[in-house]
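Enquirer: Given next are the chains, with one letter for each unit.
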Amino acid sequence: SAVISQKPSRDICQRGTSLTIQCQVDSQVTMMFWYRQQPGQSLTLIATANQGSEATYESGFVIDKFPISRPNLTFSTLTVSNMSPEDSSIYLCSGRTGRNTEAFFGQGTRLTVV
Amino acid sequence: DQQVKQNSPSLSVQEGRISILNCDYTNSMFDYFLWYKKYPAEGPTFLISISSIKDKNEDGRFTVFLNKSAKHLSLHIVPSQPGDSAVYFCAASGNDYKLSFGAGTTVTVRA
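Going line by line, the protein sequences match chains E and Z. Last residue of the first sequence? That's 114 in this note's numbering, and every number before it is there in order. Last residue of the second sequence? That's 1111 in this note's numbering, and every number before it is there in order.
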């Protein structure tokens, strides 16, 4: 399967600031997704990153808070804007090439907001 | 609304014995099911999957069983090894490529 390089791996940020997380895939993928894993919780889908158009957000997530870009089939960014301590989580990007295929993940970004 | 449920938050098993992890789903549109393993500070790693047209898929020490009528699947790991100690997530998808995840089961393999 493809390999996703995600960075940064971790960061500690001040409240009110923004952080941009980058994911680079080593091959073209059909779909890219962004997930959040809050402490002790499961993975929750934030949005589907659409190539060349606006991302599709899940209920409870909005573009102003989590702007996403996907300029091509191998790269995507997620920005966590105007951060508060409640945004402290692990953020994961994922790629998938087809319906009945595995999804593969980056190594995650552990974000702590202080 | 949690569409994929893993009701056992933890499982402890002796090395060499079988680990059985269970997963239930509610969405009848799900037709592809996956298991992932996750270590701390790493992303989930794909283990094994099964399509809804099958009831069993095997890969080495890992076997996944699917009971569509019960909306239930299970992962069997045999024999369990110390390196299997991790969090295991069940996931499901339908026709929109998105994955829905269960809450995870923490497996501890005792020597």
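Any given hint might turn out to be false.
[Unchecked claim] Restricting the straight-line Cα-Cα distance to at most 30 Å, the calculated cross-link-like pairs of lysine-lysine (DSS-like) are:
hint	chain 1	residue 1	chain 2	residue 2
1	Z	Lys1071	Z	Lys1056
2	E	Lys65	Z	Lys1071
3	Z	Lys1068	E	Lys7
4	Z	Lys1054	E	Lys65
5	Z	Lys1068	Z	Lys1054
6	E	Lys65	E	Lys7
Since the hints were derived computationally from the structure, they do not count as laboratory data.
Enquirer: Of the numbered hints stated previously, which ones are contradicted by the structure, given in increasing order?
Expert: Hints 2, 3, 4 are the ones this structure does not satisfy, whereas the remaining hints hold.
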